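J.: Numbering (our numbering), first residue to last: 1 to 325.
Keep in mind the hints are simulated off the structure, nothing from the lab.
20 Å max Cα-Cα, derived SDA-like pairs, lysine to any residue:
id, residue 1, residue 2
1, Lys132, Ala45
2, Lys293, Pro231
3, Lys70, Ser129
4, Lys201, Ser313
5, Lys70, Leu85
6, Lys70, Pro111
7, Lys293, Leu266
All values reported here derive from a predicted model rather than from experimental measurement.
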Amino acid sequence: MTEILSGPEAISRGATRLADGLLVAFPTETVYGLGADALDSDAVARVFALKGRASTNPLIVHVSGIEMAKSIVSDWPDQAQQIALAHWPGPVTIVLPKADIVPRIVCADGPTVAVRCPAHPCALALIESFAKPIVGPSANPSGRISPTTPEHVADGFPDADLLIVDGGHCRAGIESTVVDLSGDAVRVLRPGIVGAHAISKTIAHPVECATLNPDTPIARSPGLIGPHYQPNTPARLIETHELSAADASVTLIAWSIETHPSGGTLIPMPSDLAGYASAIYRALHDADRSSIKTIWIELPPIEPGPDNHAIRSAIIERLTRATHR
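Produce the complete structure using the sequences and hints provided.
T.: Okay, structure coming up:
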């Protein structure tokens, strides 16, 4: 059965479970991950099975720092060192050619591995206690809303043999930026709160933004194929001026109004982009628990500056996929 624990006991038991090939859900600054020994193909297979995840969808490997990252890649270029020094621990994942010790199942049979060092004390403590890399896709059934609290994880896997390390609510709330360094060009494969402009500034080199291709045979990054982030309840992304048309059967997730125009349910959102990103998955979970017929989501606010543009673009990418059926 699913169990939620916090503190040193959670870390100790989590490391023991990982060593036994079992699963542990753990918090990161982005979302909760579903952890297993990244070098144990049987343990990784349990992650795919529990999530119902397609074998063509690779996993991110979480490490404690640069030295552990180097152990699972066959090449660590200067650009990887620059990005890691500037953005680790943090919400940036780097795609590089994989080392032979990384099981093929982790990488969807591809030649590369996605690796990052998370900025959450519980995640780092778990990895350091286990002393090996840990895979960590979002701890939810595949395609559904990402979890940002331990309760979200438990709701998604109520009957699983799963330990959940309680690290509170994830502060960033949006999955990591994924940067591909394995080819001739530097590409952002998945947007996140760290934008392409910030990566480009870090490495003093142009950075491209890849176009989503759901038909790619081998994905180099998670989040590129299939439905993602979707509530069970039909959801719609709307402009601010459309809010007034909502009737009482619609739950609104909105930042610009204080009351529902028809007396229905309103889930208020922060009016700043960082706060919106942190809160959006929790708002979707809350809306999905109700008995309403439809969820309307107000587009996030607009704030000036390249950093805010990156955050807004990442939010809209998630919400577009959450509302597309």
